[in-house]
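Asker: Throw the hints in and build the complete structure from the sequences for me.
One-letter residues, chain by chain:
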Amino acid sequence: MDFPTIIQILDSAVRLMTPLLLACLAGLYSERSGVFDIGLEGKMLMAAFTSASIAFVTGSPWLGLLAGIGGAMLLSLIHGLASITFRGNQLISGVAINFLASGMTVLLGIKIFGLGGRTPALTGGGRFGEITLPFAETLRDVPLLGPIYADLISGHTILVYVAFLCVPLTWWVLFRTRFGLRLRAVGENPASVDTAGVSVTRLRFVAVIIAGVLCGLAGAYLATGLSAGFVKEMTAGRGFIALAALIFAKWRPVSALGATFLFGLLEAIANRYPNLDLGVITIPSMFMNALPYILTVIILAGFVGRAIPPRAGGEPYVKER
Amino acid sequence: MAAAAKQGGRPETAAPYAIELKRISKSFGPVQANKDIDLRVPRGTIHGIIGENGAGKSTLMSILYGFYKPDAGQILIDGQPITIADSQTAIRAGIGMVFQHFKLVQNFTVLENIILGAEDGALLRPSLSKARDVLKQLAQEYQLNVDPDETIDELSVGHQQRVEILKALYRQADILILDEPTGVLTPAEADHLFRILEGLKAEGKTIILITHKLREIMDITDNVSVMRRGQMVASVKTAETSPEELAELMVGRKVILNVEKAPAAPQAPVLEVRDLKLVDDEGVERLRGIGFDIRAGEILGIAGVSGNGQTQLLELLGGYPEKGATVSGSIRMNGQELDLTGTRSDARTRRERGIGHVPEDRQVEGLIMDFAAWENVAFGYHDQPEYQGGLLMDNARIKADAEKYFEDFDVRPRNTHLAARNFSGGNQQKIVVAREIERNPDLLLIGQPTRGVDIGAIEFIHRRIVELRDAGKAVLLVSVELDEILALSDRIAVMFDGRIMGERLPAETTTGELGLLMAGVTDTENHPASDGIPPEQNHVEDLPKEPR
Amino acid sequence: ALADPALIFDLGGKFDKSFNEAAFNGATRWVEETGGSYKELEMQSEAQREQALRRLAETGANPIVMTGFAFGDVLNKIAPDYPDTKFAIIDMVVDQPNVQSVVFTEEQGSYLAGVMAGMASETGVAGFIGGMDIPLIHKFECGYAQGFKATQPEGKVLINYTGTTPAAWNDPVKGGELAKAQISQGADVVYAAAGGTGIGVLQAVADAGKLGVGVDSNQNHLHPGQMLTSMVKRVDNAVYDAFVAGTDMVPGVKIMDLAADGVGVAIDENNADLVTAEMQAAVDEAKAKIASGEIAVHDYMTDNACPVE
Amino acid sequence: MDKMPKWADVILTPLISLVLAMAISALVILAIGESPTEALKTMVDGALGSSYGWGFTLYYTTNFIFTGLAVAVAYHASLFNIGGEGQAMLGGLGVALVALALPWPHWGIALPAAMIGAALFGALWALIPAWLQAKRGSHIVITTIMFNFIAAALLNYVLVNILRPVGSMDPASARFPEGAHLPSLADMAAGLGIEWGKNTPVNITFFIAMLACVLVWLLIWRTRLGYEIRAFGRSEPAARYAGINPVRIIVITMLISGALAGLMAINNVMGEAERLVLNAVEGAGFIGIAVALMGRNHPFGVFLAALLFGFLYQGGGELALWTSIPRELIVVIQALVILFTGALDNMVRMPLERIFLSMRKLGNG
Ligand SMILES: Nc1ncnc2c1ncn2[C@@H]1O[C@H](COP(=O)(O)OP(=O)(O)OP(=O)(O)O)[C@@H](O)[C@H]1O
Ligand SMILES: Nc1ncnc2c1ncn2[C@@H]1O[C@H](COP(=O)(O)OP(=O)(O)OP(=O)(O)O)[C@@H](O)[C@H]1O
Ligand SMILES: [Mg+2]
Ligand SMILES: [Mg+2]
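Residue numbers (the numbering used here), protein chains in the order written: chain C, 1 to 321; chain P, 1 to 548; chain E, 1 to 309; chain L, 1 to 365.
Don't take each hint at face value.
With a straight-line cut-off of 20 Å between C-alpha atoms, the simulated DMTMM-like cross-links for lysine to aspartate or glutamate are [unchecked claim]:
1) L:Lys-361 - P:Asp-86
2) P:Lys-237 - P:Glu-248
3) L:Lys-361 - P:Asp-71
4) P:Lys-323 - L:Glu-236
5) L:Lys-135 - P:Asp-280
6) L:Lys-198 - E:Asp-81
7) C:Lys-250 - C:Glu-315
8) L:Lys-361 - L:Glu-34
9) L:Lys-198 - E:Glu-58
10) L:Lys-135 - P:Asp-370
11) C:Lys-319 - P:Asp-86
These are computed hints drawn from the structure, not numbers from a lab.
Answerer: Structure representation (structure tokens):
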């Protein structure tokens, strides 16, 4: 594997991990506050649809992005209503949201565009373009660092950089601000927050809404960054992978970066080597496709210990029975 | 009703009361926890509240603190009517509360817990550094020393409670509510706490103290109110009442406050423990070579400040040392060696060997809170032959036993189909004790038997323990309540830092001496610190000498 | 009265931008020309196949056309129950007296696409991206590879399959990523046989300024100037013919090969500039040779293997 | 000391929730310019209006019962088994291997053998995640998600490269021998001289599913193992205090769970398709999660929820087949039903409780 190849694989990994990272951070906020969220998939899907639609109609990816955030947030609010206000089962609510999104997106798509659930392809200005960072070209020839800067770091859509900025930001919010302190507390022991005179409901809603925003970014990136429009079920299970990454990362932002990068990298490698020829046998494509998942299990079992979720996670806060 | 009319503790000063509750009512669904409660607490006094488990004490105080909203009634602070919608309001009104089940974030540091909800500014750093200074002052002022950077789960319950008190003080509470604060404290810790309370009182702060211990009431309260079945049945000046009267007011019948028991008639050793060592998964030595015997028909009391290995000892004897712990030594039960490791070392096997166990924490270990009471009655014994009907369990049989236990132990409410969590702690405890005692084990391990339990229940549970002993069974009693230890034990061993510091006979020792041992002060006279060989071994003939 | 024909789409749905859609177009053309009406159904579950076939047969629809090999087994089972109804199945051979089995020689069409790719490619590396790793798609892949190697013997064909779940047909993101991976390995012509995933592939290819090859329907319009061609599989003709023939549809195997214009490469205003004269010539030559049998394009299905690569 | 009578909690609340869900669905249908009443009529007729409709409804119900029970059993040990999909796929493989192994003389012999195959493969697919959870603490949610993908890859490979008959375009196994064909309810009814559900896929497995419900109920609430599973699920420390071995419980529970998921294959693979196709499970594993949660992890609840989903599936299928309403509408309706009956149930329960309390108060005086 020569250097350029490595750069290309890493470059691909970055693109593949970005939606996972955003969704993973979304889940992090929600679950740190004690609200489990297996509806990441659905929220991303909805965001992908709304962003693609609006981006197509208005021709502006930014308006699309707003719409994406709006779409995801709508589902977040449903999740909040069910699992916070009405203390419903958070898992059921999440499942419902996934169904709702996969149905609604196509239904609306057919109704609006009549393309069997797809949105028309976005052309030119309708998508987020790739940003070339300053001096990328001039620095390209610098050995080692040049290509890393020019090919790996430069040349992604704005949302990629946003996603990566979200990691230190999340860390800072979580561990350096009042909000973060309360957020972590409400996920560990809501009664402690309640008796300290802070509203559990408000905190959790804020967290769930932030999750919506991040899922919105993720969905918009899928539909208006990576591809040019919405295709039904286009999230293709990424929400669940993000969930896995979240647990993998033990609900910590920086580890989340690592975990999602690992998933991205494994997939990129599998893409690059679709059927490894081991001389004796060539591994069939199916197994190369499954490789990321197999390795995940191995790594999980081998190197990652027990993951303890936020203590109050999944439990609605009930004072009076 | 008339009870409220009997306004004892009203002082002559016409000054408005720090707290005045008028006709407070609260029900949880069908349960009326508080009914038309009146309460007046003069400023600068310590006011005791007593009552049976489930009488409504915690609820009433939680209402005052804005944790629950009352269905009806009025609250006045310093004569001003106020609606306490949430704890925020209560805190602003200068009310602080130490809940019986602490409201701390386990994996937060002390400092973080202190500032939670009382941060100044959106950034943590400044708040933390400010809190650090304030904490220093408070610590000196009230001898409330805790390491601000420890995480809560590293702290003993006693220290956790300090954190709760500091939380209140940090918020400048001048009305302080403590719900069963001494339930988890050693006598020393308790005395320390009371000195603090006296200090606060001297500063003119008002204190409400919920407790099940009449001695504490008599010692430090100015007035005391008694609750029963959700109502306030009396409020009297402490000076004008007696423990007996209070007990009767509480329970509604005469209560014998001191255990009377015949002298023990010990026989052959049932349990022989030698050089027991346990190192937990963090590599901390929890047991450093414990050795003792318990003979049939005697109660060995183990005194000690909580966190000195008693829990590990009980769990190890009970057959479930914490995960990843390494253990060594020997345990003999009725002369038979018990496995310390492997599949035959589990709790199930221990029970087969005739060891019953009332765990220290009834809510986390002793019961499945969501199971119906009758199901809990089989817990741990669910695989006993008599509960099996072919492939299935014989639930009818279990229910029958449950009814019997409820009858024998007077568990209230007398409804075996309620979930365990809907019983008060006292009654929860009765269920556990009943389960273990009715099995009539050769050896009963019993930890903190009466923690948080009302005197009616305490009297009852104590009596049953003594009866078991008189039936020729062995009992290992672990308690942080010295009174309890002294009242029940035939022999007392004191644990400190994973060792047994020495053994005493109740008749021949004093709280003072025990207190010293509990603090790790080994005395020079003829009781050396145990090196794993029980002191009395030399005068117990029938003890098989082990090869060393 | 003359019975209405019926058309059943496979799970992909009629707007799969691919061969279900092609079938739909055929039906639509028939409607436009004859003004007739027909019944159409979309599957949503495996268990419904039999239900749909029987219900249509019982409601008197005739002929009944279905797209996709997945119907083969069921059709084989129920066709005898409706001897008076004519059935047509695409991509599968069902040996029943009242069934017409329409099979396409995808390898031949793909061969032509491969030839064009061979001539268009400057790097000598071509890419192929399939949906799921199943025999049908290997047919495309193998023909394409043969055509490419025929023009660039030293050339290389990169092959990727998107996934192993139904999502593999609807994952444009992964499709795009695979395309980028192949491009980064030098591919400058990429052929997508992956349904909805293909949309992402062709998009990524166009973004990178490389050439894409569409599949099934004529997809040249997706990225004018960036689509070398599309390997069209005239499912629309098959459906159209069946509908036109109506109840007189001839049972038996109907092979839609180059000769029958069943497969081919689309050349229209969208890719006219890309198709050089010699490219055109090469394609025509290959066509002729295949027709004459001089070139025998290997069919993956015969031995589950591909001679090249 | 409940706040309202049990019947109100288990019957009234879900019913009202269901009505709400349907009301919203109606609005959605209106929004896409179709007629709710027509849609409802089509669905009810198509799913429940004829023995034919029932034949499909019950077929889907059977699938969902198995996957629902699988999730429910694991849930009692507080294990969230998202792997039903993969376990059911492997179960299908087990069935196929058994069915194709011998020229079975009679289904009566083939069925038990195939059941063993299905249960075994399903259980084995659950074993690894279970073991990793028990021994290494690897979170079962991740591992089961991963194993769904791995199962799909495995099945893809096996069908294309091993089980596919030579020359067949279809990535599917060969047809099972006659002797391995299960009697459909139609056949059985016909045996009794009744004309019922001709050409419908529902088959004898339906009874097996109902039997499974009863057995699971017995297991969970009447056996020692069930007692231990529930106890462990509620509190691990308590379980250890009671001498319950966590590793044992986790592994056994997941084996049972996986086996149940695997058994679904008896219905769809052996009973319906009579061969193994790539897309055999069709997401039933995920529906199982909804079914279990909605059924409150109680076998009877699971049965009802499965029936409801069977109805929605078949009714929705009819809707898509015979009207211009897109099939995705049904997914939306499913979502709303799950949401209202499963997650927003307190929205209905809370006011009801208040009503009943006040009624009781009036009653008391
Ligand atoms: N959150 C709650 N939900 C429902 N019922 C409750 C709740 N809290 C208390 N109760 C019920 O209200 C009654 C009074 O409970 P409370 O905690 O006030 O008693 P208590 O006097 O504190 O008892 P203890 O001495 O055990 O602390 C009990 O019957 C209890 O079951
Ligand atoms: N959320 C709740 N739902 C139902 N009952 C409750 C709830 N919270 C507390 N209780 C009941 O209220 C009563 C007293 O509440 P509390 O938490 O004070 O119990 P407790 O103080 O631990 O009892 P004890 O003081 O005897 O140990 C107990 O019966 C407890 O089971
Ligand atoms: Mg209390
Ligand atoms: Mg209490």
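Asker: Against each hint, give a clear statement of whether it holds in the structure.
Answerer: Okay, the hints, checked on the actual structure:
no., hint, result
1, L:Lys-361 - P:Asp-86, "violated (27 Å)"
2, P:Lys-237 - P:Glu-248, "holds (16 Å)"
3, L:Lys-361 - P:Asp-71, "holds (14 Å)"
4, P:Lys-323 - L:Glu-236, "holds (11 Å)"
5, L:Lys-135 - P:Asp-280, "holds (18 Å)"
6, L:Lys-198 - E:Asp-81, "holds (13 Å)"
7, C:Lys-250 - C:Glu-315, "holds (18 Å)"
8, L:Lys-361 - L:Glu-34, "violated (47 Å)"
9, L:Lys-198 - E:Glu-58, "holds (13 Å)"
10, L:Lys-135 - P:Asp-370, "violated (27 Å)"
11, C:Lys-319 - P:Asp-86, "holds (13 Å)"
Going down the numbered hints, you'll see the structure goes against 1, 8, 10, while the others check out.
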